[in-house]
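The sequence shown begins at 1 in this note's numbering and counts up one residue at a time.
None of these hints come from the bench; they were simulated from the model.
Since we're looking at a predicted model, the values are computed, not measured.
Keep in mind that the hints are not guaranteed to be accurate.
[Claimed, not checked] Straight-line Cα separation of at most 25 Å, SDA-like style, residue types lysine to any residue; simulated pairs: (1) K90 - G147; (2) K97 - P82; (3) K56 - P29; (4) K95 - A17; (5) K95 - S109; (6) K95 - S50.
[As the list claims (entries may be wrong)] Here are the computed distance ranges between Cβ atoms for each label pair: (7) W161 - W55: 38 to 44 Å; (8) D92 - P25: 43 to 49 Å; (9) I27 - P82: 34 to 40 Å; (10) A117 - W55: 28 to 34 Å; (11) P6 - L34: 29 to 35 Å; (12) H37 - P6: 28 to 34 Å; (13) A16 - D92: 39 to 45 Å; (14) P39 - F93: 41 to 47 Å; (15) G114 - F57: 30 to 36 Å; (16) A16 - H37: 39 to 45 Å; (17) A12 - G147: 38 to 44 Å.
Built from N, CA and C at the ideal position, the CB exists for glycine as well.
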Amino acid sequence: MNPGLPINPRTATLLAAETNTNTLPAILPQLSHLLSHSPDLHLAFLSHPSTPQIWKFVPTEGQWCGYRNLQMLLLSLASILPPTSPVLQKNDFLKTKLTIPHLQLLIESAWTQGFNAHSRDQLGGRLVGTTTFIGTPEAEALLLSLGVPCTGRVFKGPEAWIELLDSVEEYFSPSDSLSTPPDGNPVNVVPDDTPLESPRALHGHHRALALHFGKTPSARFRPGVESALCSQERGGAADVRGV
1 MNPGLPINPR TATLLAAETN TNTLPAILPQ LSHLLSHSPD LHLAFLSHPS
51 TPQIWKFVPT EGQWCGYRNL QMLLLSLASI LPPTSPVLQK NDFLKTKLTI
101 PHLQLLIESA WTQGFNAHSR DQLGGRLVGT TTFIGTPEAE ALLLSLGVPC
151 TGRVFKGPEA WIELLDSVEE YFSPSDSLST PPDGNPVNVV PDDTPLESPR
201 ALHGHHRALA LHFGKTPSAR FRPGVESALC SQERGGAADV RGV
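Given only the sequences and the hints, what does the whole structure look like? Please build it.
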């Protein structure tokens, strides 16, 4: 993959000074309530209730999909993990939202420590100060360097999206919670509020909401789809799950 261009000065200033003005907490419980009363929905998977929504500042900001996903995941850790968790004790900065430049520094540091170091060459040798896309290998490297156990999984080929949704459904299936809207149609709304130390850990904190109508996967909803919460992966769709 070709390296990204240098970040233009105006965008660099915006990203470095980012605060919580583009962060919306407590969105998942509201979404869960709405979905449980939807007469047309059969099955929905939600990430942890503490997961916030984070969107881009302005349309001209650029595509920072992978970084926005990492911001949401990492910002939820302080609510998910106990205060005594080594992850939080060793990385005090996780208690606040990390800026994109900070994430770039952390990923480069993870490479230096030997976590998915091959990604450095694939991405042109440098992330800091560039618009280079990141994907699952970089997220995995960062999380492992912070002490969060996880492993990436790649889905390839024209049926990758189906395999991905099937994997999500299989992952969540043991904890389905059933609710019934006023018209009597059963709706499975499956929130993941499992502590991060469990084997279900990281995979449950994805930002994606998968919608299935009957047996066939019909759609995916990402809370920030208007805010570039897409993923830029290399070699097919991919996810990161807890070990």
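Okay, the hints, checked on the actual structure:
| no. | hint | in the structure |
| --- | --- | --- |
| 1 | K90 - G147 | holds (9 Å) |
| 2 | K97 - P82 | holds (18 Å) |
| 3 | K56 - P29 | holds (22 Å) |
| 4 | K95 - A17 | holds (17 Å) |
| 5 | K95 - S109 | holds (19 Å) |
| 6 | K95 - S50 | holds (13 Å) |
| 7 | W161 - W55: 38 to 44 Å | violated (23 Å) |
| 8 | D92 - P25: 43 to 49 Å | violated (20 Å) |
| 9 | I27 - P82: 34 to 40 Å | violated (24 Å) |
| 10 | A117 - W55: 28 to 34 Å | holds (32 Å) |
| 11 | P6 - L34: 29 to 35 Å | violated (42 Å) |
| 12 | H37 - P6: 28 to 34 Å | violated (48 Å) |
| 13 | A16 - D92: 39 to 45 Å | violated (20 Å) |
| 14 | P39 - F93: 41 to 47 Å | holds (44 Å) |
| 15 | G114 - F57: 30 to 36 Å | holds (34 Å) |
| 16 | A16 - H37: 39 to 45 Å | holds (42 Å) |
| 17 | A12 - G147: 38 to 44 Å | violated (29 Å) |
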